[in-house]
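A.B. asks: Sequence:
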Amino acid sequence: MSQTEISRMKPSLVPLATLIGRELRGEKVEKPFVKYGQAALAKKGEDYFLIKPDCQRIPGNPLTSFSVFAQIFDGHNGISAAIFAKENLLDNILSAIPQGASREEWLQALPRALVAGFVKTDIEFQQKGETSGTTVTFVVIDGWTVTVASVGDSRCILDTQGGVVSLLTVDHRLEENVEERERVTASGGEVGRLNVFGGNEVGPLRCWPGGLCLSRSIGDTDVGEYIVPIPHVKQVKLSDAGGRLIIASDGIWDALSSDMAAKSCRGLPAELAAKLVVKEALRSRGLKDDTTCLVVDIIPSDQPVLPPTPRKRQNVLSSLIFGKKSQNPVSKAKLSAVGVVEELFEEGSAMLAERLGKDISLDANSGIFRCAVCQVDQPPADGLSVNSGPFFSPASKPWEGPFLCTTCRKKKDAMEGKRPSRPTIIS
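Those letters in the sequence shown? Residues 1 to 427, per the working numbering, in order.
It should be emphasised that the hints constitute simulated quantities derived from the structure, not laboratory data. Incorrect hints may have been included.
Derived BS3-like pairs: lysine-lysine, alpha-carbon spacing no greater than 27 Å straight-line [what the hints assert, rightly or not]:
hint, residue 1, residue 2
1, Lys-35, Lys-237
2, Lys-52, Lys-31
3, Lys-128, Lys-44
4, Lys-43, Lys-288
5, Lys-288, Lys-263
6, Lys-279, Lys-263
7, Lys-44, Lys-275
8, Lys-86, Lys-52
9, Lys-279, Lys-86
Label pairs and their in silico Cβ distance ranges [as the list claims (entries may be wrong)]:
hint, residue 1, residue 2, range
10, Thr-406, Ile-51, 31 to 39 Å
11, Glu-104, Glu-124, 28 to 36 Å
12, Ser-95, Ile-51, 14 to 22 Å
13, Ser-95, Asn-195, 42 to 50 Å
14, Glu-87, Lys-410, 21 to 29 Å
15, Arg-193, Gln-99, 22 to 30 Å
16, Gly-129, Glu-182, 27 to 35 Å
17, Gln-108, Gly-199, 48 to 56 Å
18, Lys-410, Glu-30, 44 to 52 Å
19, Gly-192, Lys-44, 21 to 29 Å
Keep in mind it's a predicted model, so treat the numbers as computed, not measured. C-beta: ideal position from N, C-alpha, C; glycine also.
With these hints in hand, go ahead and build the complete structure from the sequences.
C.D. replies: Below, the structure is given as structure tokens:
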């Protein structure tokens, strides 16, 4: 690639004052209130959460505010991965969003940045040499737009004013997810139940080696790389009637269905609602696991609380709250049949190349390439496009982005079963 071609791809620099001016002119004054409550009961002490309601896309400009609710960092085999993800994941996500982006550009870039941030966090934790793992459900709220990224079996549901409960995450349990079972075995893992004396099989489906029930997580260094940190991502826009998010660990969902959790706390303020969901789960199943719940209400600015949800009418419209998923991962906005929720984006592929797009990231000052995952700058000769073949075959496009550094390229190949699983770590 010539220097002229590289120069054409360099992003132009925009002064901060100009960016703030654009936000002031373009941002709607009326933004919803975001109120939240949290409750938990500990069995093993491996659940963690992150609440940051006052983030800003442009520091010092309150009109660019957004909220982050990361729930749940449900750790297993120890707490190290959960704590590491809580402390590093948000920064890793934000570092993957181009600086100077408008609000619309920021929201469009967020799904890809979530993927990059999850993978980067996993790589960094892997380098620590510890073996614990964690599920993650990460929620970003910007105005009426809600973006959810998840790995594992923590769950986020949306309860709208139409009385319809919608799932914003996908459970990555091998027992329930056929596609994930097929992906794990195709990548070199084995899926089966625990064998006991006499050849009897017991318990849920697990992947081997390791015996993990989940197909996606952050961490789990002692399990094969086919347990991937690539999240399912869904982005929706609520109507100005608002809605309620219930984000909880599997300690809740093993006891309550999505509908049961939503109905158990309707009409209550968020703080009390979270406590009631935990209480209901405890009453139903007892304390068999860490049980953690966040309730987040997105409320119209002219209302002090979320209005009562009317009883759901039994008709076919309830099944049409979301339009059918587009085959194009960057799908155009689709209005639901009853105007309650607008679906902006949904993608759950475990193939990293499908999740990063084809943009070429260049450092504006030096013209060198930037890894799409870890955001490390490097000369073009040291980076590889995710689209380039191992021998740069005629069909490959070695200069078509995004680009990965050597470490992140090895991670991508390992997740796709192109090399053996992680080496055994000797403590």
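A.B. asks: Quick check: does the Cβ-Cβ distance between Glu-104 and Glu-124 fall within 28 to 36 Å?
C.D. replies: 30 Å Cβ-Cβ, so the 28 to 36 Å window holds.
A.B. asks: Given the hint that Lys-43 pairs with Lys-288, does the C-alpha gap stay at or below 27 Å?
C.D. replies: Cα-Cα ~7 Å, so holds.
A.B. asks: Would you say the C-beta atoms of Thr-406 and Ile-51 sit inside 31 to 39 Å of each other?
C.D. replies: 36 Å, holds
A.B. asks: Keeping to a limit of 27 Å between CA atoms, is the pair of Lys-128 and Lys-44 held or broken?
C.D. replies: 23 Å, holds
A.B. asks: Do the beta carbons of Gly-192 and Lys-44 sit within 21 to 29 Å of each other?
C.D. replies: 25 Å, holds
A.B. asks: Sort out whether Lys-263 lies within 27 Å of Lys-279, counting only the CA atoms.
C.D. replies: OK: Lys-279 and Lys-263 at ~13 Å, within 27 Å.
A.B. asks: Check the hint pairing Lys-44 with Lys-275 against an upper bound of 27 Å on the C-alpha distance.
C.D. replies: 19 Å, holds
A.B. asks: Does the hinted range 21 to 29 Å hold for Glu-87 and Lys-410 at CB?
C.D. replies: With Cβ atoms ~25 Å apart, the hint holds.
A.B. asks: Does the Cβ-Cβ separation between Ser-95 and Asn-195 fall within 42 to 50 Å?
C.D. replies: Holds, since Ser-95 and Asn-195 (Cβ atoms, about 44 Å apart) stay within the stated range.
A.B. asks: Given a hinted range of 44 to 52 Å, is it respected by the beta-carbon distance of Lys-410 and Glu-30?
C.D. replies: 48 Å Cβ-Cβ, so the 44 to 52 Å window holds.
A.B. asks: Is the distance from the Cβ of Ser-95 to the Cβ of Ile-51 consistent with 14 to 22 Å?
C.D. replies: 21 Å, holds
A.B. asks: Would the hint linking Lys-279 and Lys-86 be met if the CA-CA limit is 27 Å?
C.D. replies: Between Lys-279 and Lys-86 the Cα gap is close to 25 Å, so the pair holds against 27 Å.
Comparing the model with each numbered hint stated earlier shows that hint 15 is the single one that does not hold.
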